[in-house]
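A.B. asks: Work out the full structure, taking the sequences as your base and the hints as a guide.
Quick note: to get the numbering used here, add 175 to the position in the sequence shown (first position is 1).
Read the hints as simulated data drawn from the structure, not as lab findings.
If you're wondering where the values come from, they're calculated on a predicted model, not measured in any experiment.
Restricting the straight-line Cα-Cα distance to at most 30 Å, the calculated cross-link-like pairs of lysine-lysine (DSS-like) are: (1) LYS294 x LYS448; (2) LYS322 x LYS337; (3) LYS294 x LYS322; (4) LYS322 x LYS290; (5) LYS448 x LYS290.
If you anchor each label on the Cβ, the simulated ranges turn out as follows: (6) LEU271 x LEU323: 15 to 23 Å; (7) GLU391 x ASP310: 22 to 30 Å; (8) GLY373 x ARG345: 20 to 28 Å; (9) ARG343 x HIS185: 45 to 53 Å; (10) LEU271 x ARG177: 23 to 31 Å; (11) ASP393 x GLU201: 25 to 33 Å; (12) VAL407 x ARG345: 33 to 41 Å; (13) GLU201 x VAL284: 20 to 28 Å; (14) PRO276 x GLN240: 20 to 28 Å; (15) LEU191 x GLU415: 53 to 61 Å.
C-beta: ideal position from N, C-alpha, C; glycine also.
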Amino acid sequence: MRDFQVLFDHGERSELPDPVYAAYGELGFPPAPPDRPWIFANFVQTLDGIVSLLGTEASGSDISQSPEDRWLMDLLRAHADAILIGMGTLRVEAGLGRPGPRGPVFRIVDPAIRKLREKLRRGPERNIFLTGSSDIQLERYAAFDGKLVDPFLLTTSSVAEKLAPQLRQRPHVGVIACGEGQSVDLEAAMLILRHHFGIRYLLCEGGPTMYSNLLELDLIDEKFLTVSPIEVGSRLPQPEGSQATVTIRPTAFAGGGLSKEEAVHWEWLSCRKVGNHQFHRFRRGREKQ
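C.D. replies: Now the structure itself:
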């Protein structure tokens, strides 16, 4: 793996000195809010803003094709008390057979970064899966085995009730129920994560829909964005003669769209490069620039 070239960095200093930071440089975070976690997202996109080459769901590894991007994912996970992931992301990764037929466990791979996490006292690694649907077979996914990370479901009261038979067979899966029907109350959930589970720093690795929902509620504080030097266009190519409906590839923001007055403003906090890949960090601007 190559070192990151720091073009500029206005972020916080690292909490503690560690050799791991030599490749990247300083990485720190401000104090978490008192009533919810500090939430930072991580995305990789093409030069034209696409976050998936496959279709409607995001899958970044095909876009990045960068060992440095994968390493940075580990570094960000080390600084998070938990990772928030959409079930759609898990289904896509499992469907692609990565890393196996039952899909991935979202965990730190690099041993040196795992040791850094211990020094940062972030506690056990935790995967929190967000879903408003009871159409889940937990045994299909290695992420719910509880062998490598602590798994949680963030869902509604009615969905949790429907999943109760499966959950009784997996008492190690934590359940956070907020909201009714299929609509998870994200603001209430963040309060619970902060006060009942001690989660100060939450890494959002979900897809565009989850990210957009959090952003529209003013719950995303930062985003780390890797830009891969490729362009693919918004339309997913179809085989010649196909009558399939045209699929539009997603961007990071999958919401209904914002007006000019509602536009989210960001502070460009840092910029790094490795080869032709760009590695950006943005912080939510609370006032228009």
